[in-house]
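Trainee: Spelled out from the first residue to the last, the chains are:
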Amino acid sequence: MAQVSLRKIVKEYEGGVQAVKGIDLEIADHEFVVLVGPSGCGKSTTLRMIAGLEEITSGEIAIGGQVVNDIPPRDRDIAMVFQNYALYPHMSVYENMGFGLTLRKFPKDEIRRRVENAARILDIGNLLDRKPKALSGGQRQRVAMGRAIVRDPKVFLFDEPLSNLDAKLRVQMRTEIKKVHQTVKTTTVYVTHDQVEAMTLADRVVVMNQGIIEQVGAPQELYHHPATRFVAGFIGSPAMNFIPARLENGAGALRMHLPNDIVLPVPASRTQRYAPHAGREVLFGIRPEHLTELRATDKPNIATFQATPEVVEPMGMETLVHFWMQGAEVCARLDPAVPVEPGRPLTMAADLDQMHLIDPVSGRVL
Amino acid sequence: MSGASVTRGAVAPPTYYKVGSIKRERRWALIGAYAALAVFVVFFLTPPFYMLVTSLKSSGEIADLSGNPWIVSSPTLENYRELLTQGNYVTHFLNSVIVTLAVVAITMVISIFAAFALSRMRFWGSTMLATGVFLTYLVPETLLFIPLFQIIGGLGLYNNLLAMILIYPTLTVPFTTWIMIGYFASIPKELDEAALIDGANHFQMLWKIFIPVALPGILAAMIFAFTVSWAQFLYPMAFLVSSEQMVLTVGIVSDLIRGDTFQWGKIMAGALMAAAPPLLVYAFLMDYYIAGLTAGATKG
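Protein chains in written order, with the numbering used here: chain A, 1 to 366; chain B, 1001 to 1300.
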């Protein structure tokens, strides 16, 4: 068990391309941290640098207080689970899981004890004699995790471990990974491009974009208090709506002028925060779940406006409607009982307590 | 599954093929395939058959032009007996075995290490080297044997079996290395990374992961090296002169042809027996050989 520290980590490839641009991150002992971001954001590179599979251009990585920059992967006491499982095809499940211990010259009965223990945790005890090719995707994924568990390393590293599984199995294995972490409590760094995986698994989520960390925080914190437009748009599905607006100070109150001549009031609780930005162009950000049909609710700060849905997507538990405001696509989540059809105007209700205003130039949430 | 389909086939009503139906087309394709294969089988098996027939004839029957040359009237194993009991045939056979085994061993050691380094350990010039290895394979041996003659002479290995063990790898190593580079390259990178993290050094990674995983490719390369050194003719012809140093390919020719006297019966018997080891090797390792040669073509 150990904490992991990344200090000013830079990875520059030949030709000067910077994949990681000086990131700092402290991961506590027992913590489950998820690095999430779009492809090419540097999350996998960061993980591979922690593993020692990728050299660090500059900066410092410490595992359990020891700087590991020049320590080869085998001496870092880490275990990694790969996207394509990377099981040794010529070895049985038992041999695959015990390989690391065999190389480290553990006694045979200790290897057996550990492999059987890991197999019990992962419910693969009946597969130990099989070769990887005789296993399903989910079983292979369990074996790959078992190979990591038996080593009892300081840190688990997961590199998009669920991406090769079908949707149903992915949800199941996600729960499984969370369960395993609650059992073994090993410090875990997990890389994914799937924000749902990140939200459901992580103690803390690290959102990365273009080689930098956009925000670090607990899942709920990222969801409710995104720091940047990128995080606001990346976390949550369907993504947050961004509508160009103008913040005006008139008649003693702040108002947002949206396209289609819609004017929404700024809630009193936010007036002080937004007042310095009066008169400026901003992006009005609101999640689809906070943009609904007008419901009989006593919630304050609900503002209504008229919109004409252009696309209607019934999902069963909800209905998504899409409309456009001056080129910006806006999505709202409606109760499925509400009769709605494309082209028929509808009264929309926006929960302004949940809104965000974003500086369109810097991308910072105001 | 197959049992079920057989039962169904037994009770199915007679099938009427439509012109151009898939079943009918498939049947014609099969007939064509069998016909073509039959032609090839006849074409390629005629010479060995003629060798077998001739090897079972006495010298007198071979010389007799009146009979049908494809039929043996009084079969005899005399040619085989004489080959195995008189002259140097057994020595030649053993020489071939020694040279071939040594060359296969040397070739595999060099090419496995070389291929591992060239396919996995990225270093300056590795790509160029990999291409260079293949280019050396393209230089014909007929161009090489004169400079090689100087080298072998300088080393004092002229008319010495050892020279063959030294020279044959120049023919085998480039191609086997090339095969192995391709095969190793098809092994996913994550497998070595997993091994590295599991605690393997490069040698353990090669020995415990790469070699077992690439076994079909390694066997394909071995069969190639075996075939090349077993059948090599030019170099032993150029560098070996005394009969007891010769390998089979040149031994048969030099010992059984005296001036214009061809001992056809013994030549055929000797050649047939010489062809046996490659046949055995191919028969046992054919599946691996095919798997090795088609690797990469099928891996997605």
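One should not assume that every hint holds.
Partial pick of chain A residues on the chain B-facing surface, computed with a CB cut under 8 Å [as the list claims (entries may be wrong)]:
#, residue
1, Ala86
2, Pro89
3, Ala278
4, Gly279
If you are wondering where the hints come from, they were derived from the structure by calculation, not from laboratory data. A virtual CB, placed ideally from N, CA and C, is assigned to each residue, including glycine.
Trainee: Using the nearest Cβ pair, does glycine 279/A come within less than 8 Å of chain B?
Mentor: At 55 Å from the nearest chain B Cβ, glycine 279/A fails the 8 Å test, so the hint is violated.
Trainee: Hold the hint about alanine 86/A up to the distance rule: shortest CB distance to chain B must be less than 8 Å.
Mentor: Hint on alanine 86/A: holds, closest Cβ of chain B at ~4 Å, below 8 Å.
Trainee: Hey, does the alanine 278/A contact hint survive, CB to chain B under 8 Å?
Mentor: Interface hint status for alanine 278/A: violated (55 Å vs cutoff 8 Å).
Trainee: With chain B as the partner, please determine if proline 89/A meets the hint condition of a C-beta pair closer than 8 Å.
Mentor: 6 Å, holds
In this structure, the earlier hints numbered 3, 4 are contradicted, and the remaining ones agree with it.
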